[in-house]
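Going by our numbering, the sequence shown opens with residue 1, and the numbers climb by one from there.
Simulated from the structure, these hints should not be mistaken for lab results. There could be a bad hint or two in this list.
As the list claims (entries may be wrong) - Listed next, the in silico DSS-like pairs over lysine-lysine satisfying Cα-Cα at most 30 Å (straight line): (1) Lys-183 / Lys-112; (2) Lys-183 / Lys-209; (3) Lys-183 / Lys-204.
Claimed, not checked - Computed Cβ-Cβ distance ranges for the label pairs, DEER-style: (4) Ile-161 / Gln-210: 24 to 32 Å; (5) Val-152 / Leu-184: 16 to 24 Å; (6) Pro-287 / Leu-213: 24 to 32 Å; (7) Pro-287 / Ser-156: 55 to 63 Å; (8) Glu-102 / Gln-160: 42 to 50 Å; (9) Phe-159 / Ser-221: 56 to 64 Å; (10) His-155 / Ala-239: 35 to 43 Å; (11) Gly-86 / Asp-119: 14 to 22 Å.
Quantities reported herein were computed from a predicted structural model and do not represent experimental measurements. Positions of the beta carbon are idealized from the N, C-alpha and C atoms, including for glycine.
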Amino acid sequence: MKGTAGTLPCPAAERGHQQMVREQYTTTTPGTSLERPKNEYIYKIGIYGWRKRCLYLFVLLLLIILVVNFSLTIWILKVMWFSPTGMGHLRVTKEGLRLEGESEFLFPLYAKEIHSRVDSSLLLQSTHNVTVNARNSNGEVTGRLNVGPKMVEFHSQQFQINSKDGKPLFTVDENEVVIGTDKLRVTGPEGALFEHSVETPLVKAEAFKQLRLESPTRSLSMDAPRGINIKAQAGNIEALSQMDIKLHSSDGVLLLDAETVRLPKLPEGARGGSGISQGLYEICVCPDGKLYLSVAGVGSTCQEYSRVCQ
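Kindly generate the complete structure, drawing on both the sequences and the hints.
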């Protein structure tokens, strides 16, 4: 059975067509007071559902973080002892920074002046060494003081120690060492050791102690342009040397001022003649400067060509 295909009317399309005809009629016909039909679909504006809950949760999390940060800030201020004048043992004054108690610096410290309190001393302590550097305007090191566990080193053109009134007590440079005190006292049991020459106007021992000048392996030489004066008013003068002891004065007098001058190891020359010496001897001088003893007689018994002088 054959038939023709037709189109069935759609209710939704028919309602839409009627609504359009109605809207066109109401808009094209002026002066009418027909009420517009109500819209069937209402769209709500806002955040609803799970988005709203996530937003509230995020705001609550921010509030918790804010409270925690504020609490930590208050705790840090309390632990670090923050105050209007400083932090902890650190105080800010008109003269600079003031630290109470012990302080530890992990990196270099740059300061114009460092001094301790009036009633305490300044202590610089380190597990390895303490180094103090002085720099010029270009940043170059001009002076360095290094205090180590075994040695104290100072690198500079000049090192000087002054007294309270500014008088230089000890000065060292590349050319000389100057001791500005009135008296240099050496208290070591071995005394003072000088590898080279020593120039001084006076060598004096302490009271009730002997003055001893000794050269264990070489000669001992004392030179003076005007004269050498050695005195022992209440003690002995002793000079020991393995080799020669020379007292030389180019333009002066060598003076031995004592009650008795003894030369116990002078050799005795040959007797010039027979006679009773009665324990008296004469000191003779050879042409080369050697001394020897000769039995005293009525006249001089010194011989120019004695066997001692040969």
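Verification of the supplied hints:
no.	hint	verdict
1	Lys-183 / Lys-112	violated (36 Å)
2	Lys-183 / Lys-209	holds (17 Å)
3	Lys-183 / Lys-204	holds (10 Å)
4	Ile-161 / Gln-210: 24 to 32 Å	holds (31 Å)
5	Val-152 / Leu-184: 16 to 24 Å	holds (21 Å)
6	Pro-287 / Leu-213: 24 to 32 Å	holds (29 Å)
7	Pro-287 / Ser-156: 55 to 63 Å	holds (57 Å)
8	Glu-102 / Gln-160: 42 to 50 Å	violated (31 Å)
9	Phe-159 / Ser-221: 56 to 64 Å	violated (31 Å)
10	His-155 / Ala-239: 35 to 43 Å	holds (41 Å)
11	Gly-86 / Asp-119: 14 to 22 Å	holds (20 Å)
In this structure, the earlier hints numbered 1, 8 and 9 are contradicted, and the remaining ones agree with it.
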